[in-house]
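Numbering (this note's numbering), first residue to last: 15 to 1171.
By construction, these hints were calculated from the structure, which means they are not laboratory data. Mixed in with the good hints there might be a few duds.
Claimed, not checked - Derived pair list, reagent style DSS-like, types lysine-lysine, alpha-carbon separation capped at 25 Å:
1. K823 - K840
2. K539 - K612
3. K190 - K222
4. K575 - K381
5. K1127 - K175
6. K190 - K228
7. K420 - K408
8. K420 - K612
9. K612 - K511
10. K562 - K381
11. K420 - K587
12. K562 - K572
13. K777 - K814
14. K676 - K587
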Amino acid sequence: MKRRNFSLTIFILSLIFFSEIHPQISKNTFLATDTLRINFENKYFISQVSIIPNTETILLKDRVLEKNEYQFFYDDGYFRLSDTLSYSIFDTLVISYLSYNLGLKKEYKRRSLVAKFDEQTGDTLQIVRTEVSPFSTESIFGTGIQKSGTIVRGFTVGTTKDFSLNSGLRLQLSGKLSDEIEIVAALTDENTPIQPEGNTERLEELDKVFIQVKHPNAIGTFGDYQLQQRFGEFGIIDRKFQGLMGEFSYENTSAFISIASSRGKFNTNNFNGQDGVQGPYRLNGVNNERDIIIIAGTEKVFLDGVEMKRGENNDYTIEYSNATITFTPNRLITSASRISVDFEYTDRQYSRNFFGAGVISSLFNNKLKFGFEYLREGDNQDSPIDISLSESDKEILSQAGDDRNKAVKSGVRLAEPDSLGIVRGIYSKVDTLINGNIFSYYVYNPGDSSSIFNVSFSYVGEGNGDYVRESLGVYRFVGIGNGGYLPIIFLPIPQLKQLGAITLTANIIENLDINFDYAGSIWDKNRFSALDENDNFGYAANFSMRLKPSSIQIGNVKLGKAGLSYRERFIEKRFTSFDRFNDVEFNRYYNTTAASEKENESLREIGLTLIPIDELRINSTAGFLKKGDSFTSDRFNNLLKFSDGTNFNLEYNLDYVSTSNKFINSNWFRHRGNAFFQVWHFKPGIDFLAEDKTDKRTASDSLLNGSLKYFELIPFIEIVEFEGIKFLTRHSFREDYFPINGILYKESLSRTNSFEINYRGTKEFTSALNLSIRNKNFTDEFKQLGNLDNQSIVVRSQSKFSLWDPLLKGDLFYEVSTQKSARLQKVFVRVEQGTGNFKYLGDLNNNGIADENEFEPTTFDGDYIQVTIPTDQLFPVIDLKTSTRWKTNFSKLFNERNFISTAIRAISSETLWRIEENSKETKYSNVYLLRLSTFQNEATTIRGSNLFQQDFFLFENEQDLSFRFRFIQRTNLNEFSGGFERGYFRERSLRIKFKMVEEISNQTDLSNTNDNLSAQANSNRIRRVNSNFITSDFSYRPSRTIEVGFKIRVGRNEDTYPAQPTIIDINGQAIRFNLSFLGFGRLRIEVERNELLANTTQNFIPFEITGGNQIGKNYFWRVNFDYKLSSNLQTTVSYDGRLQGSSKTIHTMRAEARAFF
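Using the sequences and the hints given, assemble the complete structure.
Pasting the structure below:
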């Protein structure tokens, strides 16, 4: 007994001893004790991941073992007993040791090997068992499904916020439910009205929700989907819908059905570019509506008949919310550029429903195919969205029939009296005499006693209105017929469109295809009206025959291949389709500008293809188009191509079109040629374009304004992938001719030089350059008509370098282009309280308008956000964006160790310089050559900024002591609809980080800043602020899981703009406590006090001076607790409170549980 007590005493003293001799690492270690039974293998594993060598104490039979009585394998975490020891299989070992607190498990596994008795064979089998936790994705979805996402449930309650529940689901699934059934799903119950940015090739559609179930014979889609179907010539649809779609296939038959809510309307815009304008180009709705939103991803943009790619690095970018397109420097836009855009848009007038179904089947081993399709899409006249129709409005619509111009009402209404009986409108009425007739117009004049009207305006097309829009809600009278707006309201007309299509395809003879298509449409242009119902139906038919190029041989002589095609199409004038079915350049091919849209159309085309040898191809096509009784167009197209596809190419296309109607005869020759050959990596070549179009009145030799002539020659040289270099240079010479008084004169000479250079030869340096410069010079005759010489510049350059890594790293970006730009207008949009960053102070000037200076920034409880929208008036500008970033690091510059090398190795720096300028400067070289003295000029600049930041570091990555010296200077100038805002910001600061001891660190910041803003006199944002602050933050970490911090901040803000400067002394203190539950969660408690002492209460104090605090004492306290209940479930609880000045205490609490998949 004495021996046993003695052994226990030694064991306990050993534990105390180890606790005492390791105090410096006790925060990262802990004492572990394991109880192990004697085993036959004589191999004993400890339970922890690691063991600190020589800290173990092993007890056997109440006796502490000596070092020579066991052998410990520290790396593998086990020990063996010496063979000299005497012990029994029934004895127990007790081992105590120090281990590192790593937060790691000893074992991680998804599967384990277990023994299972097989009753049929009588054997014991080893099988793999998947380890499933009580709450895991496998336990919910099974093992065959790939998944990701979250489910969120929570609540928010507070002093200024009622109790509200928050929930959210975002889940993506894919995988097999069975051998034949597969599921793909993207689910969410969150409303995300955020349009993706149209500056990337691939869009991230956050609001796309769908479930798709796939079977070898069927596919069912529920939610958001894209319907893409083509049944013959006319049954074409490519739309985005929300609803249900089923696709079925069995043997030689396939079908689809779609029931959905339509997201928008389809439209096509065709227009020409402008010299020196890369964009933005505005897209309009079917009825020239401007306030539309493009549905993301539905646009197809064509330039000169070729489809473009979206993306800043590709061809164009698009602003979906503003419905504008801008072309990148990769595509130089000129007045000769033909732009066509197909898109879907929403105007949020009526909800729209869609139904579609189709079936197509093949017989006789696919030699005969037939199909039928039915489509129906319409507005629900009983379900308006953002409009409200009165009974009188519906009566107007019922009497309007199909005429949109009759579905209008006056936009002028008398303002309602306020609570005091005073009528406050924003427009006053002015009566005048124009050409001896009494005429009334309206003047925007809020706050005036004569302003008793509120007026709504509608866009009617340039030259058809009397007003122009200067900004949102502000219209100005400019004379009858000199504007684009009228004080009227177009009532939205609900419509219904239906289409049925039949298609038949026969391939009875090899290489011979015969097609027949018939379609009928019903288009009710006004569902409120019973008038004009007799013109709703229209039909179209198409017959085509195509003999694919087949070999021709006479005896043993091979004559090559020949093919033949024939097509006949008729479209009745009232027929309408869901999407565009003609080629994007069809109207140009047949010169249909002089034809009426509402006429029967017949088209006959015949084509011949000859391929004497594989390298030579000849295509000839003749087409005859007739519209109504008067318009005819005959087209003859011939293409000769001699090419092997790689080393040489010779191509020539001659296109001739002859059109006539009752009044005009037109002849149009179009030539296009290309030739090149490749020698080694060099590929020289030439492009050739020419057109000659003469429009004349019948029985007259004078040319009409539609006549034109041009000749363009484009030699080029290309280097094809040589040592990482790709190079292409093109030089264009173009002469244009247009008629003046019926005679053709030379209009201009254009010269374009373009360069494309890409270098990827080394990892240390990569570069891409795209440069185009076009100069267009007009002749004297056309200068007298008001045309001016112009220059177009588009440049985009991106370079990255890493020299003597890591000594110098950086990048250089430069982009400049000529475009058009508009002044921006600030608009404040109301949102849910607490989600905004502005608050409305009320109608301070009693003008009935929420002016900009009546909104004030706020940190808490804001219920407005600020957005900027472009005004209507566009100005030709040159737009510049350039930036460079340099990072230097001398840490590996020297190998030897001496004082100079040590001092230099401690130095590193980072430099950033970014310049943006959107300017009306007519001398473009001032901008693209970065003559900064001409930047941010109120006479020319619309938007401009210049940011320079320089950081110097000493011992940047050292934890014991490091310094950062920072200098920032930013200047900016913006022209808004209400005037200019010029800003200046400068910061000079020093940051010191150091460790006092291992557990205590400090970060101290000393800063001096200047923040100045000048604006129009009535703005509440004008300021000239000088700030000096010192902030010191202490952090104490007694262990890896605990951090206590204390921060003090002292400084002064001085605003010298008022006559009596505003001086605010600020002192603040904050204390925080952080507790980390390793691998599971974190608790953070923070208390903050800020005191602001002002020298005056008479001045208006801008938000930027107080930072959202009130004069006096401000108290804030916050508690945040995050905890992971399992690997897939996390909870968050937060509470924050504040007491600012003499206001009441505000409490807010939030709790949330989030499950991950």
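Here's how the hints hold up against the structure:
1. K823 - K840: Violated. K823 to K840 sits at ~39 Å, over the 25 Å cutoff.
2. K539 - K612: Holds, at roughly 15 Å.
3. K190 - K222: 22 Å, holds
4. K575 - K381: Roughly 23 Å separates the two Cα atoms, so the pair holds.
5. K1127 - K175: 24 Å, holds
6. K190 - K228: 9 Å, holds
7. K420 - K408: 12 Å, holds
8. K420 - K612: Since the Cα atoms of K420 and K612 sit roughly 20 Å apart, the hinted pair holds (cutoff 25 Å).
9. K612 - K511: Holds - the C-alpha atoms of K511 and K612 are around 17 Å apart, at most 25 Å.
10. K562 - K381: Given that 25 Å is the threshold and the Cα spacing comes to 15 Å, the pair holds.
11. K420 - K587: 23 Å, holds
12. K562 - K572: 17 Å, holds
13. K777 - K814: With Cα atoms ~9 Å apart, K777 and K814 stay inside 25 Å; holds.
14. K676 - K587: 19 Å, holds
Hint 1 from the earlier list is the only one contradicted by this structure; the remaining hints agree with it.
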